[in-house]
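Enquirer: Here are the chains, one letter per residue:
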Amino acid sequence: MTAINVLIVFYSRRGKSEALALAAGVGAIQARANVRLRRLPDLADPETIQSDAAWSENVERMSKDYIAPREEDAQWADVLILSAPPDRTEEMEQYLDSARDVIQGRTGVVLGTFAAKAAVVGVTVALPTDDAGDAAAATAYARRTVEAVRAAKTGAAGAP
Amino acid sequence: MITIRRSEERGHFDRGWLNTYHTFSFGSYSDQAHAGFRALHVLNDDRIAPGRGFGAHGHRDMEIFTYVLEGGLAHNDSTGERHVLKPNEIQAMSAGTGVIHSEFNASQTEPVHLLQIWILPAAEDVPPRYQQFAYDPSEKQGRLRLLVGPDPDPPEPAAFIHQDARAYASVLAPGKTLEQPIVPGRHAWVHCANGNITLNGHALKGGDGAAVSGERALMLAGCGPSGGELLLIDLA
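Line by line, the protein sequences give chains A and B. First residue of the first sequence? That's 1 in our numbering, and the numbers climb one at a time after it. First residue of the second sequence? That's 1 in our numbering, and the numbers climb one at a time after it.
Mixed in with the good hints, there may be bad ones.
[What the hints assert, rightly or not] When the alpha-carbon atoms are kept at most 30 Å apart in a straight line, the in silico DSS-like pairs for lysine-lysine are as follows:
| no. | chain 1 | residue 1 | chain 2 | residue 2 |
| --- | --- | --- | --- | --- |
| 1 | A | K16 | B | K86 |
| 2 | B | K176 | B | K86 |
| 3 | B | K86 | A | K64 |
| 4 | A | K16 | A | K117 |
| 5 | B | K140 | B | K176 |
| 6 | A | K117 | A | K153 |
[To be verified] Sample of chain B residues at the chain A side, in silico, Cβ under 8 Å:
| no. | residue |
| --- | --- |
| 7 | G53 |
| 8 | G55 |
| 9 | G58 |
| 10 | R60 |
| 11 | N76 |
| 12 | S78 |
| 13 | T97 |
| 14 | F104 |
[What the hints assert, rightly or not] From the derived model, a few chain A residues whose C-beta atoms are all more than 10 Å from chain B:
| no. | residue |
| --- | --- |
| 15 | M1 |
| 16 | A53 |
| 17 | E72 |
| 18 | A116 |
If you're looking for bench data, these hints aren't it; they were derived computationally from the structure. All C-beta atoms, glycine included, are put in the ideal place defined by N, C-alpha and C.
Construct the entire structure; sequences and hints are all you get.
Expert: So this is what it looks like as structure tokens:
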């Protein structure tokens, strides 16, 4: 079976976008991909985070569970899973801009409202068949995307 | 036949935050002569510094159980399970179709010492499952306390795994002996977790393991100044 590497990059404050990223990550694992999980750091200042109990508590946990994406992670990846809250896409947009040279041409599973931005920096956005705002749909969306990328990669490798 | 795997011969990495010994090949440690035993795939002896641990990562098609010797291990996973695992508790996870989890030392001040055991499943693509329960420490004093096994109705509360393998824990005081018959054709792995024991006359210290095949019984005894703690894994 052709190995497929999936980089999961998300931004989350209270855990909802993290949960969607994890659900999609499980879909990638279901499709027998290798996964790396990375959280984008907050752009907000520490005082703002500290003033919100749920946010600061989650940041403390997530800062242990995840490191920030590195350039080598994007280089390693065949597929990107990208997740950010619908009302907060600044962190993700900054990441897409900064990683643009490495991520262009990669297939992306987009969980959020930044699909146009992802397309602008050269990510090939895989189309969800239904609303990927729910965990089960995110799992299916990622699984199907990994399977399609594997089929394409296997076909390309097998071509004369 | 009993083949001893000495503690000091295991793969060893001290990364500062993690001091780990691999009985079998694991990650960057590859040893073809020690690449598992029967369905037993991984046996890692980990000491994790306060507040540190393994960030979020995925597993597929593996039965993973964890035995904490000292301290507490915090577990978070993609099924929403969030728990702290302590001594005299058993945690088993069937990764099946896919799980993402993280494991951290739950304390900011004390280290955690644990054994993590991976068993190859008999069936792939099973639904992910997480189990954790506590037992009374007296239940492993001088006897084999079943921790995990494939039996739907075990003789004592134990975690279910998708493999014909059973793991037991035991604490043997100095001079305390225990005999466990082995069903003909089956095999066993004995891991001395702490202290000193003997296995059919062979001395095992903390971290030593032994592959057992073609034997009719295991004769286990606690020895040394304070006896020993062991895991026994019965394998097809």
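Enquirer: Which earlier hints turn out false for this structure, listed by number in ascending order?
Expert: Those not satisfied: there are none.
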